[in-house]
Amino acid sequence: MIETSQLQTLVAVTRAKSFSRAAEDLGVTQSAISQSIKNLESKLEIKIFKRSGKNVVLTSEGERLYQFGSQFLASMQETLDNLQEDREKMKGKVRIGTLTGIGKSWLAHEIVDYAKENPDLRLSVRMGHVEDLLSDFENNRLDILILPEDETPSLGEREFFLEEKSTLVFPKDHKDFNFKTKLTMQRLEELPLVLFDKDDHLFFKWCRFKFKSTPKKMNIHFTVNSHGHMLKAVYEGLGIAVVPNHVLNRSYFKDKISTLGGEFEAPSGKLYIVYQKESEDLVRIKKTIERLLSHRDTFKI
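Per my numbering, the very first residue in the sequence shown carries number 3; after that it's consecutive.
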């Protein structure tokens, strides 16, 4: 196998037309130059240089090898320069993954604007289930994750993003839900519920935050594992529900259903930005994380 250093020596000697001048150019001894060329000729079983007066010139075989070597070294240098440029400039790939709800309600909107501001970046947003996102992150198919605290991977660096809140929603101007701020646990147990699933964690977190307990009985009227469809069910009068604020604030039903206001909002969990340790020195990754953090106020929690 030809070594890169041998090709560098070959190119240097060809351009200098002298072993001694090539040695000066490369900062090595003339004997090192001679030995490198000798080893290359021995390995390929060809003669690379011949004498022409005080200079050395290429043989026909040497000319072919020189053409290959000079092109290879130029291509290698271009690649190395591009890699360095990718580290120091806002260009290259940035791949972000998050849950579907966060992606649809906030992240995708922000990244569209960010992409317009940085035309040399190749940005992608992956929305999906936690298991798939973690697998892609661990296999270096994602650079950045935005996930709830208890879903973040053990590997990677973490940056606190924000704390989500959830709120109770109910049909607007509906006689069966005319309780306003006088809601009690007893009344909650009587009301029809729209749940994400039978173990709706947001609903139970909300109850523990507001009433310091959970209902002993529940009037479950409808379950659907989509906060958007839960809001539609509430709008249709099927019951009350607890949903993330960021989903409600970007929903078509935002002004078509009612809430109990800020007093009845409850913390529902912390979100973190996670990124690969080895990419923390890449300008495009650092700037993207900074952008996400600086625009988190637009994530209406």
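I should point out that these hints are in silico values taken from the structure, not numbers from a laboratory. Each residue gets a CB set at the ideal place from its N, CA and C atoms; glycine is no exception. You may find that some hints are simply not true.
[As the list claims (entries may be wrong)] Pair ranges (Cβ atoms, derived):
{"id": "1", "residue 1": "K214", "residue 2": "A110", "range": "34 to 40 Å"}
{"id": "2", "residue 1": "D178", "residue 2": "K279", "range": "25 to 31 Å"}
{"id": "3", "residue 1": "G264", "residue 2": "H231", "range": "47 to 53 Å"}
{"id": "4", "residue 1": "H231", "residue 2": "E292", "range": "32 to 38 Å"}
Structure-based check of all given hints:
| no. | hint | verdict |
| --- | --- | --- |
| 1 | K214 to A110: 34 to 40 Å | 37 Å, holds |
| 2 | D178 to K279: 25 to 31 Å | 54 Å, violated |
| 3 | G264 to H231: 47 to 53 Å | 25 Å, violated |
| 4 | H231 to E292: 32 to 38 Å | 35 Å, holds |
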